[in-house]
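Asks: Sequence:
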Amino acid sequence: MDRGFRFLCKAETTRLVSFVGITVAIVLMFQYSELPSSKFLSTVTTKISSFRMDTSSANSKVEGNNMLLNGSNSNSKDALQDNAVNPQGSLFQNGRDSITAPAPEKAKGLDSVVNFTTRNDGSPMGSAQGMQISLTSQGAASPQPMVPLPNRTSLDSETDSRSPVVSVISAATSVKSDTTGSVSKDGNSGSLHGSSNMTVNNGKPVSVKNAKRRPSKVVSISEMNLLLQNNHAYSQQEKPARSSAVDLEILHAKSEILNAPITVNDSRLYPPLYRNVSMFRRSYELMEKMLKVYIYPDGDRPIFHEPLLDGIYASEGWFMKLMEANKQFVTGDPEKAHLFYIPFSSRLLQQTLYVRNSHKRSNLIEYMKNFVSMIAGKYPFWNRTSGADHFVVACHDWAPAETRGRMLSCIRALCNADIEVGFKIGKDVSLPETYIRSSENPVKNIGGNPPSQKPILAFFAGGLHGYVRPILLNHWENKEPDMIISETLPHVRGNRNYIQFMKSSKFCICARGHEVNSPRVVEAIFHECIPVIISDNFIPPLFEILNWESFAVFVAEEDIPNLRNILLSISEERYLEMHKRVKKVQEHFIWHAEPVKYDLFHMLLHSIWYNRLFQTNQT
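With the UniProt record's numbering as the guide, the letters of the sequence shown map in order to residues 1 to 619.
Derived by calculation from the structure, the hints in this document are not laboratory data.
There may be inaccurate statements among the hints.
Below, computed lysine-lysine pairings styled on DSS-like, alpha-carbon distance capped at 30 Å [to be verified]:
| hint | residue 1 | residue 2 |
| --- | --- | --- |
| 1 | K424 | K597 |
| 2 | K424 | K503 |
| 3 | K289 | K583 |
| 4 | K584 | K597 |
| 5 | K289 | K597 |
Make the full structure from the sequences, and use the hints.
Replies: So, in structure tokens, the structure goes:
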């Protein structure tokens with residue numbers, strides 16, 4: 001009996017080992033067989049994990065922005081499902097059909113997925129050459145406006161894909177992105193996956209200084225939209241134990257905005273430019289009527305109270321100048337203030353305190369830390385909300401570092417609006433980087449050629465800062481006659497050649513440099529050229545208000561090899577509508593010596609006011 005049992009066990013063990021061996025062999029055969037991309041399993045995994053607006057399949061966790069995109073945020077009552085009850089809690093519209101199209105071939109080791117919005121007839125905006133198109137309807141699962149909004153044109157018709165959107169999302173938009181392709185500090189990488197023999201400009205080696213590596217996580221523009229909605233819907237700020245008159249005014253304003261009447265036929269506001277034009281209009285009206293800002297008089301010049309009005313960091317200076325001179329919003333009574341402004345210049349902080357070639361910013365960080373400790377000890381206002389009703393406006397690249405620690409709780413309007421370095425969507429504000437060449441005439445040379453006089457498909461010229469621009473030039477410099485992609489142009493007085501190229505181009509490439517932000521975004525809008533933003537994790541300016549996907553193109557860094565196909569896929573009809581919208585959105589990015597309604601001063605102040613309202617709980 002025992003002998004027979006042992007024989008049976010031995011036989012069954014042999015069968016089991018054989019079965020396991022066959023299974024492993026089959027898996028290895030599929031893994032290394034000559035299927036597309038030579039990596040079948042990884043291809044399947046990539047397709048499954050690529051982000052879709054259907055929140056049930058968006059399973060990426062975004063840290064630091066208080067959200068799980070699969071709707072399981074423990075800080076929310078029922079996460080995204082509750083947004084259907086009152087989705088006007090954010091200026092957000094959705095319900096679009098999208099097309100997912102893989103790139104025609106694998107280029108330089110890049111796996112990419114391209115998302116196009118369709119018209120209501122189900123056709124894409126164009127047909128990228130060689131692309132295999134698959135349609136995925138997601139309207140049912142996407143958060144919808146409480147009531148239909150009249151943000152439509154004849155191009156928009158029956159679906160909520162009214163905007164000529166081109167949002168390109170690569171495989172890297174799953175939040176766990178591939179970090180094996182980080183670029184070394186010398187920048188000598190020819191692809192996003194770290195090839196060490198980078199050459200551009202017809203084979204001439206290019207040295208790139210201080211190139212940063214790729215972000216460890218990549219958040220797509222669609223994910224950013226959901227983060228904004230979630231963070232505004234479920235504020236993390238606790239209700240104060242004692243509600244002051246100011247607190248009650250804020251809660252009243254928030255309620256008014258959530259229940260804003262539908263805007264119809266506003267001659268000044270073009271609805272497709274905004275996430276929710278009705279809520280924006282009501283919020284702006286309440287800001288004009290109610291908002292009071294207290295400006296701290298403390299701080300020594302030149303770091304405080306001394307605005308710089310020209311150059312690449314001029315936005316912080318213009319806001320400081322206009323805010324301190326304003327009589328409508330500024331109050332001398334801090335007990336009446338809804339917001340508290342700390343008027344420092346991140347550029348002058350760097351110029352004043354940074355020790356050249358020291359490569360250390362710790363003294364700058366310590367300086368701001370000590371200033372906040374001083375005002376928190378001198379006045380009671382910071383400690384009442386832990387700084388949540390305080391704000392700074394800072395455009396230098398180092399501003400995120402300078403406002404670390406205790407200052408993270410305040411509202412930070414930053415040009416370097418990068419999720420990777422702590423920018424919090426729904427609290428912080430993305431500050432437009434406006435390159436002011438003449439402080440006497442900041443709107444000089446604004447305007448562009450009509451669409452019929454734009455022979456250039458795409459234009460970029462600039463220094464090879466960072467890791468993205470060398471890759472852009474490697475793929476597209478001198479490759480197509482209608483694509484002008486080059487290093488810095490020869491200097492001409494007034495920068496006329498650069499400006500003329502922008503005015504004569506349909507699309508202007510806004511590729512990140514050392515940091516995610518670039519003045520090219522605003523320059524493109526000024527010269528009536530569609531911005532093409534190539535900068536992973538960059539939150540575009542005034543993000544809580546503007547519907548950027550209606551007038552700009554977002555291309556993932558990994559999709560640079562497919563750039564031309566993406567641009568050619570945009571139909572003439574949609575291009576003309578986008579061009580129209582770029583012209584209309586110009587007024588929101590202009591500084592005036594005397595502020596005017598809806599200009600950049602007012603739009604920036606409004607975004608700060610709006611985020612302050614939606615960081616306040618009603619319960």
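Asks: Check each numbered hint from earlier against the structure, then list the numbers of those it violates in ascending order.
Replies: 2
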